[in-house]
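Protein sequences, first through last, are from chains A, B, C and D. Going letter by letter, the first sequence gives residues 10 to 135 in this note's numbering. Going letter by letter, the second sequence gives residues 7 to 228 in this note's numbering. Going letter by letter, the third sequence gives residues 53 to 305 in this note's numbering. Going letter by letter, the fourth sequence gives residues -10 to 220 in this note's numbering.
These aren't lab readings, by the way, just hints derived from the structure by calculation.
In silico DSSO-like pairs for lysine-lysine, Cα to Cα no more than 30 Å straight-line:
| id | chain 1 | residue 1 | chain 2 | residue 2 |
| --- | --- | --- | --- | --- |
| 1 | B | K211 | B | K110 |
| 2 | B | K137 | B | K174 |
| 3 | A | K25 | D | K193 |
| 4 | D | K62 | A | K62 |
Heads up, incomplete: computed chain B residues facing chain D, CB under 7 Å, no partners named:
| id | residue |
| --- | --- |
| 5 | L50 |
| 6 | A53 |
| 7 | E54 |
| 8 | S57 |
| 9 | I131 |
As the structure is a computational prediction, the values presented were derived from the model and not from experiment. A virtual CB, placed ideally from N, CA and C, is assigned to each residue, including glycine.
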Amino acid sequence: MNEQKIVEIDTVKIKKRLKQRKAKMKMSLSVCARCTLCADSCFLFNNNNKDPKYMPSYKFINSIGRIYKRRGKVDRAALEKIREIVWKDCVLCTRCYCPFGIDIPDMIAFARSICREQGVYPTFED
Amino acid sequence: MVKGQRKPIDEITGALEKYSNVLNIGCGGCVSVCLAGGQKEVNLLNAELESIYKQNNISKKIEGFTVERQCNMQYLDELDDIAGGYDCLMSMACGAGVQYLAEKFPGKPVFPAINTVAIGIDREIGIYEEKCRACGECVLGYTGGICPVTRCAKGLFNGPCGGTNKGKCEISNDISCAWQDIYERLKGQNRLDDILKIKEPMEWKNQTQRTIIQEPYMKRYT
Amino acid sequence: MVRMASWAASIILVQEGLEPNFQMVCRDRNRLAMQSDIMGAYAHGIKNVLCLSGDHQQFGDHPQAKGVFDIDSMQLISVIKNMRDEGKFQGGAVIHEPPKMFIGAASNPFAEPLEWRAHRLAKKIEAGVDFVQTQCIYNMDIFREFVKQANDMGLLEKVYLLAGVTPMKSVGMAKYMQAKVPGMDVPDDLIKRLRGAGKGKVADEGIKIACEQIEEFKEMKGVAGVHLMAIEWEHKVPEIAERAKVLPRPKVE
Amino acid sequence: MEILNLITSDLLYDLARGPLVWISFLILILGTIYRTVKLFSFTRKKKNAWPVSLPKKKAPDGDTDKSAPLIPKWKFTVFGAHPVMISVSTVFHVILFIAPIFLLAHNIMLDEAVGFSLCSFPEKVTDYMTIVFLVCGLFFLLRRIFIARVRAISSVYDYIIWCITVAPFLTGFLSYYQVFDYKTMIILHMLSGELMLAAAPFTKIFHMVFFFFGRFVLVTQHTIGKGSRTW
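Chain A extracted, bound-state conformation (with noise of 0.2 Å):
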């Protein structure tokens, strides 16, 4: 079957993705209060025992988060962990509520090109 092609995570690729949309990123995960208010709006989050690995913020802080923090600088590991996340855990039906407006589902929807592109996506073994 389609086997993921095994490819070393290309860092400069990945810092050269975040800048095109640095200034609407970056924004958004330094305003975000920790409030955890957008929690009851993934109906993930409710379904699975309000696991908060559910949670919006949970999963964009975790995953376009983690990439910003580390200016891109991440390897193959923290990738296959972000998919898990911005895959397996949000099904992008883009109706989470944030009480400041911040756009999570972009957020997620963008951390899921950079993981594509670097060749790390769902596979159909999963």
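With chain A's structure known, arrange chains B, C and D on it following the hints.
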């Protein structure tokens, strides 16, 4: 994605009349994106129903649950332990989701709370526009990316008809003539040759239920 | 509005010794019904068929009806031509007694985009049309331009173009047509002229205008004839024809 | 002891009540302007993406909820989901803004410095306000420590910001009642207040501006009003 719209409340209460224990099932897919059938809408509809029943002194239990997508059995399986306790199910998914849910629980009445309207696009949050009728034989390549099946009231393939009225459709001044738009776009791209050819009658592929098997999976299923 | 089926009315006309023009619209029938009707009409001696898309069902008193529009007028022309010349139905089956139909279509020189109209006529000709009836003509400038363009493209040698003429009964009718009827171009000058005719003489002026038009069409290169549509004024047709000096009817074999 | 000496030194006292106040206000104002301008610069005016005319009817199938009884809409807002959190948060933020502005002591100083002052609340009112504020702050802190979902996304940074926000109120309150050494407290009060002002534009406290931008200006599903800009 698929676009839907909630049914009028009277129709919903009418459908549920004989049942006292209802599970309202939302869908986190397309209908959630178009603000018609996600978790939030499930909660809203349930609250609305509860207040109606309370007003009329009817005792009914209405509960909600939202699955990732109702068009995939894997996600419907989440309902195995839940659905048993209800005497009817209501689905806020598109027509496909409702049918798959009904197939999963053949012994239970399943009612739709949504009218599935179209395959469409998000113009803005809350404004959705039909773009495709899933005719099964896409002609967008020669019509400049404007669908005559969806947009032309008569579904003409060799338009525009004589009723075009200053770029508007004959049936309404609010609808722009699809074929005028096709003409303008192709003219801009210097591709008018495309519509000079006579387009043969369609082979309508949406006349019977269709099943598709993607090429790489042919071997697996045939 | 529901009217008697065109094939039925046509049969009555055949029985009266006239040569009817059987109209068929894509709105009401799918390709099977259309081909079946063509066969039936031909069996009753109907020889002309006018292929139209049809007004949308939203007009009239049955707006909820489902429009068929299985094929469009262009495709209908091809289908009938294929029946006549190749002796085959659209599905490919052989017709033992192909209907020898004289195929007609409509053309509207006044709908946007104007410069495309001649091209659409060209498509109809390529599809196999024998004669074309135009929309009611009021804006002569645009019509002349259209005929010139069609002549330049060599279209009018391949098709009989019948210019549509509808005499105006009243100023109200002209204004209604100008504002409400899609694909109709009624210039302000015409309304002014009708108004200028004075009380009780508007109808006469309307007929006079129609006659002037017909005179011009007689001379116009590429115009084969006139299609006189005296809307809700059918009893006036003989009078108008007489005044336009198009009587007696030419014998056609 | 060295540090205590330094804190209570006249030099630091003069510094804190003199230039540092102006510097911190300058940072607050310029920083806020800078970041707000930036917000506008990387968002753009929203163009109408819909066709010139929309169908006049509500929808093809006309869902008119006229027959539906009015359900309390607030139940489906964030207030309905977390009434306590939202109430506490609102009170906290309101006091955060108005208490310092209308505090008598601040206004007297303002009057001495520039010869102009705002009206003041009675001292008793600001006193209670401060107590309420501190209770709210405590609520936030406990929430951050004990509620799993909040803990899951909390880091040292969040606690630091919490300290920066609460410290001026705590020290102000303590100095007013002359608990501990007054001079130390008042210097700490001034320093922490200045730190909060200076930090606001460049930390997550900037949500004070982003909140209004995100909810009133940007177009999202939860925009209040129509919204005019998009990313």
